[in-house]
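Engineer: Residues per chain are reported as follows:
There are 2 protein chains.
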Amino acid sequence: MSNSVKKFCSWPKVFLFGDSITQFSFSKAGCWGSLISDYLQRKCDVISRGFSGYNTRWCNIILPSVLDAAIAKETVAMTVFLGANDSTEPDLNPRQHVPLEEYKQNLKDIINFAMSQGISREKIILISPPAFHADSWAVICKQRGKVLSKNNENTEIYAQACCQVADEMGTKKVDLYSEMMKTEDFTVLLDDGLHLSEKGSQLLFDKLQPIIEKLTAHLPAAWFPFHDQVDLEHLEKSLLSF
Amino acid sequence: MSNSVKKFCSWPKVFLFGDSITQFSFSKAGCWGSLISDYLQRKCDVISRGFSGYNTRWCNIILPSVLDAAIAKETVAMTVFLGANDSTEPDLNPRQHVPLEEYKQNLKDIINFAMSQGISREKIILISPPAFHADSWAVICKQRGKVLSKNNENTEIYAQACCQVADEMGTKKVDLYSEMMKTEDFTVLLDDGLHLSEKGSQLLFDKLQPIIEKLTAHLPAAWFPFHDQVDLEHLEKSLLSF
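Going line by line, the protein sequences match chains A and B.
Numbering follows this note's numbering, with no gaps: position 107 of the first sequence is 179.
Numbering follows this note's numbering, with no gaps: position 85 of the second sequence is 157.
Since the hints were made in silico from the structure, they are not lab data.
Since we're looking at a predicted model, the values are computed, not measured.
Watch out, some of these pointers could steer you wrong.
Since the list gives no way to pick one copy over another, a pair counts as held whenever it fits inside one copy or between any two copies.
Below, in silico cross-link-like pairs of lysine-lysine (BS3-like), each with a Cα-Cα straight-line distance of 25 Å or less [as the list claims (entries may be wrong)]:
1) 85 x 100
2) 279 x 254
3) 309 x 180
4) 176 x 309
5) 85 x 145
6) 79 x 180
7) 145 x 245
8) 271 x 100
Excised from the complex, chain A in its bound form (with noise of 0.2 Å):
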């Protein structure tokens, strides 16, 4: 081999930190995990860390026991995707509700801590909460025997409390709530009332697509040579040299 030839391929990491709609984000409906392993075949690997139910204050103190300096250092995107649970309301469901300002200063602690362990403000993304639709998921309440506890003006806030912070700390955003409220049906996007459907979840791929290939942009098109560009005559140092 030649010295040219590389030993070993780490592939780069797109970390994806939530709650259940990023716990989910392999599933036939979720599918914005899949869509992003898909548009990165070749060139990265997407790590869900999603925790369903999980608010901002939960996800604060599990994030070390997640994301250490290690994997920060492999990490070219990590999307932070919450406030579905925190934007509950504090009455109907005080298990799950952090307050707004509580909400904020907890994507801010959780951006410093990936800082910290080096992944830099501009490989952050954060993502707002999405739309919900009461209707469809009181059906999902009542059969589980519980009260509706969320509304979407509360959401809203949320979702703007979200891109203050993102525009504050200097991260990348998506605005998902107000995308979502530009399509002219919301309710198709969901699934349940809460969760993404497939429509949902394309469209949230479509907003992080360019962010990601700019993220991406410095990576080779693919890890080791396509197929139809191996030299035969020199396989080894071909096939390695990567």
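On the provided structure of chain A, position chain B as indicated by the hints.
Structural biologist: Leaving out everything else, chain B in the frame of chain A:
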């Protein structure tokens, strides 16, 4: 924090190694990677190392550049899914074709290398090349100005050889070719005659799922507590004592 609080949680890996059918495993049609990711949410990361157009000869050369002892240590299951390119006809596609005996030896070398890095034979799942539909793939070949260099008879021979290797080496196996042939019309399991359709991906997942279930049975149901089990009175301890 109590002594029982763990500091960092590195999620186990499912390592998918193969050709285009692995590279496209997060696509809309070829989504068997997404199906595994969704099935193992909160438990494992699914890492795709798929290389479109590659045969066992080329994959054997690059494996040490994508799998080392550190990754092997975290790997709870590894799929090896090769043969679709090896089984092309030697005179029509000498570039990608690999003779049958070499195909078998290359698979053994790949297994032996994975084992040398620490992945035990029980964690390795050989997947035979899928059945092939020449009429459909001929359309793609014509569009690309290439000759059709594959037939289903050869594919079956390589699929049988793949299963023989699995039996000889003591690995797990999914005989995808035979599973497809058991169905009423295997062509609906293919997208373009060569790559899996959504139905084909589902079939592959259905065959992998019981194997992966056993290989991940020792893992907790989820890393970090489910949201309704979080103890608000002892928030940190509850969240971090996973």
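Engineer: Each hint should be assessed against the structure and marked as holding or not.
Structural biologist: Hint check results:
{"no.": "1", "hint": "85 x 100", "in the structure": "both (22 Å within a copy, 21 Å between copies)"}
{"no.": "2", "hint": "279 x 254", "in the structure": "within (13 Å within a copy, 43 Å between copies)"}
{"no.": "3", "hint": "309 x 180", "in the structure": "between (47 Å within a copy, 23 Å between copies)"}
{"no.": "4", "hint": "176 x 309", "in the structure": "between (51 Å within a copy, 24 Å between copies)"}
{"no.": "5", "hint": "85 x 145", "in the structure": "both (9 Å within a copy, 19 Å between copies)"}
{"no.": "6", "hint": "79 x 180", "in the structure": "between (39 Å within a copy, 22 Å between copies)"}
{"no.": "7", "hint": "145 x 245", "in the structure": "within (21 Å within a copy, 36 Å between copies)"}
{"no.": "8", "hint": "271 x 100", "in the structure": "both (11 Å within a copy, 13 Å between copies)"}
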